[in-house]
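Chains as they are written, first to last, in this note's numbering: chain A, 1 to 569; chain B, 1001 to 1315.
Heads up, a few of these hints could be off.
Straight-line distance between alpha carbons at most 25 Å, and here's what the computed DSS-like set of lysine-lysine pairs gives [stated by the list, open to error]:
{"hint": "1", "chain 1": "A", "residue 1": "Lys144", "chain 2": "A", "residue 2": "Lys124"}
{"hint": "2", "chain 1": "A", "residue 1": "Lys234", "chain 2": "B", "residue 2": "Lys1164"}
{"hint": "3", "chain 1": "A", "residue 1": "Lys234", "chain 2": "A", "residue 2": "Lys218"}
{"hint": "4", "chain 1": "A", "residue 1": "Lys154", "chain 2": "A", "residue 2": "Lys179"}
{"hint": "5", "chain 1": "A", "residue 1": "Lys234", "chain 2": "A", "residue 2": "Lys127"}
{"hint": "6", "chain 1": "A", "residue 1": "Lys568", "chain 2": "A", "residue 2": "Lys549"}
{"hint": "7", "chain 1": "B", "residue 1": "Lys1164", "chain 2": "A", "residue 2": "Lys300"}
{"hint": "8", "chain 1": "A", "residue 1": "Lys433", "chain 2": "A", "residue 2": "Lys401"}
{"hint": "9", "chain 1": "A", "residue 1": "Lys484", "chain 2": "A", "residue 2": "Lys184"}
{"hint": "10", "chain 1": "B", "residue 1": "Lys1164", "chain 2": "A", "residue 2": "Lys568"}
{"hint": "11", "chain 1": "A", "residue 1": "Lys294", "chain 2": "B", "residue 2": "Lys1215"}
{"hint": "12", "chain 1": "A", "residue 1": "Lys294", "chain 2": "A", "residue 2": "Lys371"}
From the structure, some residues in chain A lie toward chain B, with a derived Cβ separation under 7 Å [claimed, not checked]:
{"hint": "13", "residue": "Ala58"}
{"hint": "14", "residue": "Thr71"}
{"hint": "15", "residue": "Asn72"}
{"hint": "16", "residue": "Asp207"}
{"hint": "17", "residue": "Lys234"}
{"hint": "18", "residue": "Gln261"}
{"hint": "19", "residue": "Leu265"}
{"hint": "20", "residue": "Ala268"}
{"hint": "21", "residue": "Gly439"}
FYI, nobody ran anything at the bench for these hints, they're computed from the structure. Don't be surprised by glycine CBs; every beta carbon is placed ideally from N, CA and C.
Listed below are the residues making up each chain.
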Amino acid sequence: MGPKQTARPAIRRAPHQLRGMTVTSSLSVSRRIVLAGLVVGIGLASAPGWAQSPTPKAGGTLVYLEQQAHTNLYPPAGGFYPNGGILNQITDKLTYQNPQTLAIEPWIAEAWAVNEDKTEYVFKIRKGVTFSDGTPLDAAAVAKNYDAFGRGNKELKLPVSEVINNYERSEVLDPYTVKFVFSKPSPGFLQGTSVIGSGLVSPATLDRKFEDLGDATKIVGSGPFVVSKQVLGKELLLTARKDYAWAPKSSANQGRPYLDQIRYLITAEDSVRIGALLAGQADVIRQIQAYDEKQVEAAKYVIYAPSTRGVNNSVVFRPDNPLVADLRVRKALLHATNAKEIVQTLFSPNYPQATSIIASTAAGYVNIADKLGFDLARANALLDEAGWTRTGNGLRQKDGKELVLTAYESLPQPQNKATLQLVAQQWAKVGVKLNVLAGDAGSRVADDLDPLKTPVSPAMVGRADPDVIKSQYHPANRDVLRQKGGQSSKVQGFVDARLNGLLEAVASEVDDQKRLAVAGDIQRYVVDQAYAIPIFEEPQAFAAAPYVKGLAFEAVGRPSFYNTWLDKK
Amino acid sequence: MSSRYLVGRLGQALLVLWAAFTASFVLLQLLPGDAILIKFEGGDLGLSPQQIAEIRLAYGADEPVLLQYVHTLAGFLQGHFGYSIQRGVPVTEAILANLPATAWLTALGFAVATLLAGTIAVVSSLTGLRWLRSLLRGLPPLFVSVPVFWLGIVLIQIFSFRLKLIPVIGAGEWEGLVLPVLTLAVPISAPLAQVLIRAIDEVRTQPFVTVARAKGASSRWVLFRHVLRNALGPTLTLAGVLFGELLAGAVVTETVFGLNGIGRMTEQAVNNQDAAVLQAVVVISAAGFVLINLAVDLLYPLIDPRLRKTVGATT
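Could you build all of it, start to finish, from the sequences and the hints given here?
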């Protein structure tokens, strides 16, 4: 294999890298310039000259520190980052979404055909692929996987996959050709075959009960690594599959993974993860807070902040609550929110300020920053117009009721409590109070379903397809606005048929151009209705030792260790 | 020790276990929400209300409470602790995986704490140096005020990250226990040392000590022969009670050091209202308490011969 660097990790670090130049020696300055060049996309391709030791070396064990233990590794449960970080190494997908171009490329499926109205998909399966238990990965195995993901299995308690809509059935046309039939047009399906949640597992795994799949050793995939040991809640050991030979075509490496083993260790404490990395006890860590980035960079370690390419980290309203039912109130709060101040105070350049409800790197993105401006005068005027008048204590009142709202912090989102508290300070300037609650998990989930108790909520979700907007807003999916007939039985009457229609259109529009146009309409509509206040584009933040090379990330920011190698003597 | 006494104690123990089980069951029922709500209904999985209803049915979560109680109790009696909704594995499996680490951590932590407390008490009682004495006597209040969480992080920063003496990540089995054991032992040693010092001071004022000294015994001889033995009683009682502290300390220590133990499992189960795990932890901790207190009661007569006679005379 030539000295090729594979898929450039989605490092969004240009400003930091350049800043670092002034303090480094001339040799590393030139390296950094090339690196910075790579980052901004100049002279990418194969960059053989820039690294001192460009030939990947096989061997070694990578120590990876994860903040939380994995839960259930049934692939559709892979949305949870600790799960996805494991599944991405041990399973392969039918198709490969190129993280740079977001184009769908062949992987386990060599080729595919889709009918005109996107209700039938035929996949030609690559020959010679096996699961690590020796079973062949053929059309029958693929059909069995998608039947489980698309329809679920009540007996085994396997839930339906979030990314597969309108699934009807599969047909095995010949041992290496499979056809999927949908009840309605499903244009998002092709991209859906490339996500973590569509990782292919051995038929034996799918015969197990859902509750047995928390044990990682029972997840048998065809991926470059195999789970060889697990200490529940503490440690997971992945071992390279030496006979692996079916990487996506665009991968520089086509053979076995370079690493021999990967040790996942659960280290909940932020300071311990960072300390261990800097002290040489670990090679890569996940989840580093913006305020810790400087410490890592000062030690010349590398921060990777791949975008999650989905719905931005936002604050959403539940219009079923009378306090925020009035568009003018929501709009006022949208203009009273200073996203720039939040990003500058709490985050770093790895957290770009939002310019739409989805990330600028997401499919179908439209820049609507002009609708999101911070404008206190306008906010005050809108609230006055809506009949909320200021009282002696500074709070606005209407019909004897104070404008007091409540939100629960979301633990998985970075510094969410601090973010909400800053939003609360900003809203206080226009006479609106926001209570930020921590609460126990039970109260949080129960209250969050009730718009009367939580009129405001933080929200985000990642997936590199316009379908992600539907996942977030449609009442049949995550239903963040809490519509009647959706997730919550507590909703009195709020339904937005227009929004739902647009969301369904994005999930079923067969013409790609029209589909992207609809995605644009939704972004404008959600902000025009001020249903959501987008704040920043959420990355997944990782840090790695400088000798860790070839660390890559899939389209939504989960690490891929297939091409990773250790440049150590 | 009569067998009647033992049977009585055993009956008491079972009653305590049942009461702990029932109380925890009731309390968990009273909390808003449950593990299924937290795991499946937050909206992140995009499940429809119908799918959620099916999940609830499959886990038997909507059965009448009384029926759930009977089922759970019957399961516990047969050694089936149920299924951890949050972890996705049977509770027994989770506990077996986590118990050894906690057992070693707490046992060693307690041993080191005892050693530390004994040393502080004895040296501070024997030394003729006033400054050493006040220094040592100042330690327990300091130790008890140190938060376990902070102590753990400071120890890691100093010994692992700065001095690089002991790795925290990927350490060997015993190597990895050094810092956690120390973290756990320091706060536990404080009350032990405090009580032991106070008891030693008190016993020393007793007439028999004066008699022994008058006979020409050295201060060290009197301390080890007479005083310490008499002073151990209250310390032993406290040691039994400290078992609870040990478990609480284990929760924090295991989280900071990323150890896989019952404490960390409890913390996660509390966060996710994983009732089956919590019930099992409560019952196991109650069993631990019962056993330790039984051991303490049985040890008393060995340390203090007077107690042996009173048992015989009154029952």
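(message) For each hint given before, does the structure comply? Return the numbers of the non-compliant ones in rising order.
(response) Numbers 5, 11, 12, 13, 16, 18 and 21, in rising order.
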